[in-house]
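Given the coordinates of chain A, work out where chain B should sit on it, guided by the hints.
Protein chains in written order, with the working numbering: chain A, 1 to 105; chain B, 1 to 365.
Some hints here could point you the wrong way.
[What the hints assert, rightly or not] In the DMTMM-like style, the derived pairs of lysine to aspartate or glutamate whose C-alpha atoms are separated by at most 25 Å in a straight line are: (1) B:56 <-> B:184; (2) B:235 <-> B:265; (3) B:289 <-> B:265; (4) B:186 <-> B:121; (5) B:44 <-> B:74; (6) B:235 <-> B:78; (7) B:56 <-> B:74; (8) B:44 <-> A:62; (9) B:44 <-> A:65; (10) B:289 <-> B:19; (11) B:16 <-> A:65; (12) A:27 <-> B:361; (13) B:289 <-> B:74; (14) B:56 <-> B:154; (15) A:27 <-> B:121; (16) B:330 <-> B:184; (17) A:27 <-> B:154; (18) B:186 <-> B:328; (19) B:56 <-> B:243; (20) B:56 <-> B:265; (21) B:16 <-> A:62.
Everything labelled a hint here was simulated from the structure, so no lab data went into it. These numbers come from a predicted model, not from an experiment.
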Amino acid sequence: MCLAIPAQLVSEPNDIQMAEVDILGVKRTISVMMTPDARSGDFVLVHAGFAIQVVDEQFAAESLEMLSMMGIKTAAELEAEMGMAADEAEDTGAAPSAASGVTAS
Amino acid sequence: MSGVLDGFRDPAIAAKLVDAIRETATTPCTLMEVCGTHTMAIAKNGLRGLMPQTVKLLSGPGCPVCVTANPDIDLAIEIARQPGIVMTTFGDMMKVPGSYSSLARERAEGHDVRVVYSPLDSLSIAESEPDKHVVFLGVGFETTAPAVALTIREAARRGLPNWSALSLHKTVPGALRALVDDPEVKVTGFILPGHVSTIIGVEPYRFLASEYGVPSVITGFEPVDVLQGVWMLAKQLAEGRAEIEIAYGRGVHAEGNPSAIAAIESTFDGCDAEWRGIGVIPGTGLALKPEFAAYDARVRVPCTPPEPREIRGCQCGDVLRGVVQPFECKLFGRACVPEHPVGPCMVSSEGSCAAYYRYTDYGRA
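Chain A on its own, in the form it takes in the complex (with noise of 0.2 Å):
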């Protein structure tokens, strides 16, 4: 959940300090609030549609190889594993109950 992925900025911040990155090939608009300094073509680290840190070029260079190692390649596999799947949890399988044979005390 804690997982941040390296981003490129392609646009510089508006006035309420939101830019547009490059994630994995897919164009988000995050919330740069926490990286003031940031500009475009700065790399940052993303979290929740935030930036969170600045980074160097090859970080994110690494970053992405080791997510790439992870079996993660494209936005969507990232969100999955972020958790953060919009087309997830279509099924209710997780309550405490007939499903798994145990019940709660």
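The following block gives chain B in isolation, referenced to the frame of chain A:
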């Protein structure tokens, strides 16, 4: 050796680190990581199998979803059941069982529960659906708390009348203190979380070394990073040192991220928080400051959840303290599997039980 390490970014460096750990760790040590991403990295890359017999790697309370206690999940569910409520949260929270239900089950039964990527998305929902009250359920450690803090401040700036946050956020250092104070927990060194430390820096961990003499290393997420963290801990132990070191300098500055720390401190007050398996730890929760009461779901959507209950036979609490290994739980791999999880450590993709089940033979009991 190189065969085992084929998947590593740099097998040569990994092999050298494994050798260095073997040479350095001459006396037995128990190292605990407290980060779900470390749990996954260690399990997925088989790092336990590369350790000498002297080095035991344990997983602690590093998965924010897993440590969320039943009464808190029950409260979120009760809020989601109130008329006119849209409950929004991260996907991780959906399947986590409370005492009687989960948010996923509530959604299946017709309540409006939605997964968002960023807490800011929930503000947009509130703006486009003014006849509903949108609640954002905030769960996570210091990595996530600043994003939610800034979202609360943004809601206040926009003067949104129909949005509030339920903060179940927790902070890590106080939980580490509770662990080293627990006589059942035998930890000789901590592998500290990378991205929590990106936010808070080194200072909040100092007490581990200065008061308890427990060496700790802030560690990154690549297999090579984790091996480096283990080696640095083994070295501190061998040399009789106890310090807070950084093995993840590329992602962590010693001072953390001052803007993010300021966001947390200006929006939340510390409060007592219940951790699954550990109990109430003073000061490890984050409650909205009184000046943000208009954006606090506890104030805006008052309700009383049913009396909580624990899941019979589930040992997630002991697993989270590192007292019981996942495969030692009677339910593990039998009644509790990823398809039909019983406890949160099997539900969450980065829970210890899910990691053991997915990547080790223990899962095939």
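Status of the hints after comparison with the structure:
no. : hint            : result
1   : B:56 <-> B:184  : holds (16 Å)
2   : B:235 <-> B:265 : violated (35 Å)
3   : B:289 <-> B:265 : holds (9 Å)
4   : B:186 <-> B:121 : violated (42 Å)
5   : B:44 <-> B:74   : violated (32 Å)
6   : B:235 <-> B:78  : violated (50 Å)
7   : B:56 <-> B:74   : violated (35 Å)
8   : B:44 <-> A:62   : holds (18 Å)
9   : B:44 <-> A:65   : holds (16 Å)
10  : B:289 <-> B:19  : violated (51 Å)
11  : B:16 <-> A:65   : holds (21 Å)
12  : A:27 <-> B:361  : violated (40 Å)
13  : B:289 <-> B:74  : holds (23 Å)
14  : B:56 <-> B:154  : violated (45 Å)
15  : A:27 <-> B:121  : holds (16 Å)
16  : B:330 <-> B:184 : holds (20 Å)
17  : A:27 <-> B:154  : holds (23 Å)
18  : B:186 <-> B:328 : holds (17 Å)
19  : B:56 <-> B:243  : holds (20 Å)
20  : B:56 <-> B:265  : violated (36 Å)
21  : B:16 <-> A:62   : holds (20 Å)
The structure fails to meet hints 2, 4, 5, 6, 7, 10, 12, 14 and 20 from the earlier list, while all remaining hints are met.
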